[in-house]
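K.L.:
Residue-level listing of the chains:
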Amino acid sequence: MGAIELDGLTKDYGDVLAADDLTFTVDSGEIFGYLGPNGAGKTTTIRMLLGFIKPTAGTARVLGNDIRDRRALTEAKHRIGHLSDDQAFDEQATGAEILDLHAAVKGDERRAELLDLFSPPLDRRVREYSSGNVQKLGLVTTFMHDPELVILDEPTGGLDPLVKHRFAEFLRAECKRGVTVFFSSHILSEVRRLCDRVGIIRNGRLVTVDPIETLLTRSGKVVRINSAEPIPMDFVDLAGVHDLETSAPDERGAETATEFTECTFTFTGDINALLARLPNHEMVDVSIEEAPLEDVFLRFYGGEDDA
Amino acid sequence: MLEFARYDAAKRIRGSVYLSVGISLLAAFAVWAYPSYSQAMDMTQLREAFPEPLIRAFNIETMASLEGFLSVELYMFGWIILLGLYLAYSAASIIADDIDRGRMDTLLSMPVSRPRLAFERFTALGVPILAVNVVTPVVVLVSAGLIGESLSIADLVALHLLSIPYLFACAGIGLLASVIFDRASIAQRVALGVTFGIYLVESLLSGTDYELLGVLAPMRYFDPNEVLLDGTYDLLGAAVLIGMTAVLLAVSQLYFVRRDI
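Chains as they are written, first to last, in my numbering: chain A, 2 to 308; chain B, 379 to 639.
Here chain B stands alone, though its shape is the one from the complex (with noise of 0.2 Å):
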């Protein structure tokens, strides 16, 4: 077993590496930034001066401090829509793009049924997922330090975990798209279009009448604010994330095991 974790899983360390880096430098940058822009500004103005939808996209609660601000500009920003769309992006081309480049005979000619491939090569995107959420706070905790703000760290921690099944569920997203469709491009497409679809539903609609229909949004479940400002964790929330998970992984498998390839 898990044969298919382990090659993919070493497959993904180059890019997971450069991953982390690049999130890292954005981390770095945000809490360099800080002192600059509360120093030449009244943040709570620069709050204000944003236009109310924008506001509510970035779900943006103050700026006035160095939690809110990394609340808006490296977690709601970074994580939320980056990272979220690039696991989208990155897991539509798991089964589509093997189907696409007719590798999928090769593979499925091994004794290795659909849901099991689908599983295992799902549980590989641990490894970018768990590289960027181990190493950005450590740069975050340092970067903090080095301007003389201090962050609590158990708020830090809590954060990084609690994104962990938020970042899996938009990665159900794009493995959903990738059995669905043969070519890894479309599937791509496609699930950048639906978790970005959905992100701005759940934000736009949040407060009106429609606001009911952001509950399938995973971005519903996890507030880098509640857990930066108030140090309040939403383990619930966490815990429809992980549920959204195994619901889309199913729901792919099924669709995998029943399809023609």
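Okay, chain A solo, but in the shape it has when bound (with noise of 0.2 Å):
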């Protein structure tokens, strides 16, 4: 059984289609990115989820319960921690009062661990706190309870990048300890750097679920080729060869028009028939890199921007 099971779930506000028909799953254990520009459907996934609003069509199971059923799914928030996308407390309470409402609720286990990780100013009023420390906050209320699983709605936003790695390396034990995550993003190195696997979501449809590595592979290699000597075209004449850019300088002696001797290129194919095909030349440097995840996210969505 999936920590988190869509079926067909959808929400149709009538103008417009903010989920349509989701159907995927989260197995136990993983760490599932869910990735998507804003406005794609991340966060109204989510709130569906946790029974903030109501499918239009189609359930979903959260951890066995189906989000229909009002008094099992929160029974089942003892279990489950949630950091929202615009975390928000009682402006007039410390961080202190905060937590302790929240511990007299669902408890409090692992509250001092991670006042030690993330540290917000317990005796301020949250009125006086940054975006970055009322998402500390929310960083210790989502796991003071030790939920089996948790959901983030873009849980970096506001983090300094010593915290955000803090929190990544955290995350990273809390998986091996068993928990499930499921984190929403448009932040595509973030995903890359933390998650086994990734679904794709664009304008409230569900575009892909791939192993992250899958969607390394699919979106290919960039290949960089400097040759102290001429290649001719033919080299790049192949199939999976993409946004071919080539030059050659004056003093190294090439017809522009049928030899290179500087190129990029995206290779979608096996990278080792492509290395067979090289000539026998003095190469100055050959790189072969991964393609960046923001390319990966360009290529789903055609181009638009947000990525």
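Keep in mind that the hints were calculated from the coordinates and are not lab data. Remember, it's a predicted structure, so these values are computed and weren't measured experimentally. Certain hints may be false.
Estimated spans, in silico, between C-beta atoms of each pair [stated by the list, open to error]:
1) A:D117 / B:L594: 51 to 61 Å
2) A:D197 / B:P493: 33 to 43 Å
3) B:V395 / A:E76: 36 to 46 Å
C-beta: ideal position from N, C-alpha, C; glycine also.
Could you fit the two chains together into a complex? Lean on the hints.
P.N.:
Here's what the structure looks like:
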């Protein structure tokens, strides 16, 4: 059984289809990234999973509980942590008072440990908090009752790089303890660093769910070649070569119409086949790198911005 | 259980102290003003001088005794109108303000059902309601003693006890507005408007063919004159107010559960 199972989950607002027939499963113990630009339907999905809004069709099970069964879902929240994308607390209360309320309702086995890690200023009123401190307080309330599933909506917004790093380490350690993490993001490097699998959502529709490696393989490699001698154009006339750019500085004597000395392209074919074709020239530099996830993203979005 | 009620109750203590002080000042002022009024003029004539709608609106029976004077100046004005509106206004932010400011998601990500949340936060309004009803009668009795008047302690205590269900019923109106409207400012305005509106309907239509319209108004079931002047306690009225509060709470919970946030 998956920790979260979406089954045709749909939210139709009439003028906009915020979530369109979403079906996928988040397995127990994995870190699942839910990726998409702002307005793609990530928060809508999460808010349906937690019972804040009702689906117009389909359903989902969270830790085995149908989200339409309010009583069961409320009960299950003892075992769920949630960080909202716009985390807000009673501004008049101090951080400590907020944590005391949360502790009384759901427990606080891990409060001290989390405060060591994220340390929001507990004696100050929330009204005086920076957005980073609100987020830190939110991380403590999310994990303090030792949940087995956490649902995080854009968790690193507002955190400084140091805390972001600490959070990533923490999340990995949680995953090793068997905690399931479902987190949404529009920041690709974050997803790539943390996730086992990624679901990409666009305009309310699920585009793909893939292990992060598959996504990177499918997206190809960026190949850069700088040769001391000219290479014939035939070399790059091959299936799987995209976004080709070639150049030939004058001093190396290449015929720019048929030869080049420097090139960059994205390659989605078999990299060994490509290397076998490489002429036996003296090379200045050759590099083969994973395509940045931004490009992967762009491919799924067909060049829309926000990536 | 009751974690949210406790939390909210603690948050309401400071405001309740201010409220009790304010209303006590009003009470002390009303008692203090009575002798100079009654010496300066014929209080029966003063009553007659009010236009008929105002007599009805304030339910003025007599002003020729401290009891009658307090009924009008303190209880009709201070309790039925001022506190009634204050409670409706206060209750109107219970749910709407958290939705408005994006705090509801944080609250509901805890294992708490919406009906329980609404109920617990509603009960926390008991803090200002109790505070003002404990402090003010003491102030009234002491001030009356100071001007050499005596009041029936039993009647005064009964009056304040009977006002508790009245104030909760007004708060119920606010709670309903609070679950219907997303924005606290709108919920508060609606709660004030509706509460004051039904007060006007009830007081201005009484004695007319449309009197029946006031049957839903909480003000119909709480009459300070009756308690202070006649010493009769309308327990049935109190029961109706308790029932009204229960219905408003239940409808609010139902609406809150069914809506998207």
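K.L.:
Determine for every hint whether it applies to the structure shown.
P.N.:
Hint-by-hint comparison with the structure:
| no. | hint | result |
| --- | --- | --- |
| 1 | A:D117 / B:L594: 51 to 61 Å | holds, 57 Å |
| 2 | A:D197 / B:P493: 33 to 43 Å | holds, 38 Å |
| 3 | B:V395 / A:E76: 36 to 46 Å | holds, 38 Å |
Violated hints are absent here; each numbered hint is respected by the structure.
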